[in-house]
Amino acid sequence: MTRLGVALLFLFIAAGCNRPVQPGDPIPGLARAERDRFARGKVVFDSEFTPHTGLGPLFNSTACGECHEDPKAGGRGDEVEIHATAFSGGVCDPLVQEGGPVIQQHATPALKQALGIDSEPFPPSASARAMRTSPVVFGRGLLDLVPDSLILSYADPDDRNHDGVRGRPNRSLDGRIGRFGRKAFVPTLREFNAGAFPAEMGVTDPEQPTEENIGGKPIPPGVDSTADPEINQEALELADDFVRFLAPPTPAKLGKEGRRGRELFSQIGCATCHIPTLRTGDSPVPALRRREFAAYTDLLLHDLGPELADICLGRAAPADFRTEPLLDLRDATKFLHDGRATTLEQAVDLHGGEGAAARNGFKVLTPADRAALIAFLKSL
Amino acid sequence: MHRTTRTAAVAAVLLIPLTFSSPAHPRGARRIDTAQAAPSYTYVGTVHAVNARAGSLDLITGVGMALRLVHMTTQPTTLFAGAGASLRLRALQPGDIVRTECRSTPTGMVASRIEKVEAQKP
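Chains as they are written, first to last, in numbering that gives the first Met the number 0: chain A, 0 to 379; chain B, 0 to 121.
Hint data in this document are derived by calculation from the structure and do not stem from the laboratory. Treat the hints loosely; a few may be bogus.
[What the hints assert, rightly or not] If you want a taste of the chain B side facing chain A, the calculated C-beta under 7 angstroms gives, among others:
#1 Thr45
#2 Gly63
#3 Met64
#4 Leu68
#5 Leu91
#6 Pro93
We put the CB at the ideal spot given by N, CA and C, even for glycine.
Throw the hints in and build the complete structure from the sequences for me.
In C-alpha cells:
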C-alpha cells in the first residue's frame with residue numbers, strides 16, 4: 000500500500016471513530032455478537048402483539064416500539080398514560096389489589112365483550128392520578144451500571160451543605176436503591192423491561208408470569224386463553240439487550256452561545272441535580288464497562304414542589320421526582336414527566352421545591368444568557 | 000452471583016405452573032424443593048396489610064411496574080424475626096420490608112418464617 004493509501008485509510012478510520020452517535024444507534028464498540036443481539040432485540044421491541052400472541056386483556060400499547068419510536072426505535076412517543084396510587088399517613092399504596100399503579104387504557108375485544116369495559120377501571124381508592132409521557136430509553140444500559148455508591152454519594156437528604164437540595168434515593172419493594180421510572184422506583188433495567196411487557200402490553204413473561212387482575216377481580220374465563228408466560232426467555236432477553244445497548248446520542252458540537260449556556264447551566268445550579276457526567280461500574284459488556292457518559296441526572300428523588308405533585312410510588316412522595324436524564328432533548332417537543340411543558344423555558348419555569356433556586360437563577364438571566372442556556376440544552 | 004440468583008428465581012417461577020394452578024408467583028419468589036416436604040417459596044417484598052386477628056399478611060412483590068399481591072397466613076409455629084430480635088405479626092406495618100418463607104397448601108400460602116429486613120445500605 001502506498002503512503003497515500005495508508006494516510007487515506009487512517010483518515011477513513013479516524014472519521015469513522017468520530018462519527019457522532021445518532022438516536023437509535025447501538026453503543027459504539029459492541030462486539031459482533033452483541034450487535035447481532037441488538038438487531039434481533041429490535042425485532043422483538045418492534046413486534047406487534049395481538050390477543051392471540053398474548054396482548055392484554057388490558058394494555059396500553061401493542062408494541063414497545065409503538066410508544067418508543069421518535070425519532071427512532073427507543074425514542075419517545077406521543078402517548079400519555081395514566082398512573083394512580085394512594086398516599087396516606089406517609090405510606091404509599093400502589094393499589095395492587097385494585098389492578099396496580101399503571102391504568103391500562105385499552106381492553107381486548109374478548110374482555111370488552113365479557114365485562115363491557117374499554118379500559119381498566121380507575122381504582123376507587125386512588126388518592127391521585129398522574130399522566131406519564133413515553134420517554135426516550137437511550138443510554139439506559141449505562142444508567143443501569145452506575146454504582147449505587149456513586150448515586151448515594153450525591154444524596155444529601157438532610158441538606159448538610161445548605162444548598163436547599165435534598166436528593167435521596169427511592170427504594171424498590173425489597174429495599175434496593177431504585178433508579179428507573181419517573182419516581183426511580185425500579186432498581187434495574189432488566190426489571191423495568193421485564194415489568195413493561197405485562198404492565199404496558201399485558202404480555203406475561205418468565206419474570207412476571209401472571210396477569211394483572213381487572214380492578215381487583217380475576218380475569219373472566221375464556222378472555223385470556225394464551226398460555227403464560229406469553230413470551231419466552233429468549234425474546235425477553237433480546238428485547239432487554241436491545242434497550243441495554245441503545246446509545247445516548249452524541250451531544251451536538253457547541254458554538255460560542257452553547258458554551259456560554261453550558262457554563263450557566265452549572266452556575267445557576269441546574270447541574271446540582273442534572274449532573275453532567277456519570278461513570279459506569281463493572282459489566283460483562285466491555286463497551287459498557289467503566290464508561291463516562293453524558294447523563295445529566297443524579298438518579299435521586301427531589302421535591303419539585305406542589306405544582307408538579309401527583310402520585311406517590313415506593314418512598315417517593317407525591318412531589319418527589321427522579322432527576323430526569325437530559326438525553327436527546329434536541330428532538331423533544333414536550334417536556335417534564337407529563338408533557339405539560341411545550342418549551343424548555345416552560346419546563347425550567349415549572350421547577351419548584353428543590354429546583355426553585357435554579358429556576359429563579361434562570362429567570363434573572365439576561366435574555367441573551369437565557370437563550371444561551373436553551374441553546375445548550377437543545378444541543379443535548 | 001446476582002445472575003445466579005435471578006436464574007434460580009426464573010427457573011422456580013417457570014416450574015410453578017407445572018405444580019400449582021392458583022397463586023401468583025412473580026419474580027422474587029424462590030422455590031425450594033425437598034424430597035419429603037411441600038415446595039416452599041421465599042418472597043421479599045413490602046407489607047401491604049396485616050390482619051393480626053386472622054393471622055394473615057398481604058405482601059406486595061413484582062417486577063418493574065408489574066406488581067402483584069401475595070396473600071399468606073401464619074400458624075402458631077411461624078417464626079418471626081427482625082433486627083436480630085423476635086417479632087410479632089402485629090408489629091408489622093404497611094411499608095415494612097419483609098422476607099418470608101412460605102409453603103403452598105391447598106388453602107393458600109402459609110408462612111413458616113417472616114423476617115423484617117432493613118433497606119439495603121451499600
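Evaluated hints:
Satisfaction of the interface hint for threonine 45(B) is found here, the shortest Cβ-Cβ separation to chain A being roughly 5 angstroms, below the 7 angstroms cut-off. Contact between glycine 63(B) and chain A, as hinted, is supported at the beta carbon level, the nearest pair being about 2 angstroms apart and thus within 7 angstroms. Satisfaction of the interface hint for methionine 64(B) is found here, the shortest Cβ-Cβ separation to chain A being roughly 4 angstroms, below the 7 angstroms cut-off. With a least beta-carbon distance of about 5 angstroms to chain A, the hint placing leucine 68(B) at the interface is held under the 7 angstroms criterion.
For leucine 91(B), the interface hint is violated, the least distance from its beta-carbon to any beta-carbon of chain A being 13 angstroms, above 7 angstroms. For proline 93(B), the interface hint holds, the least distance from its beta-carbon to any beta-carbon of chain A being 5 angstroms, beneath 7 angstroms.
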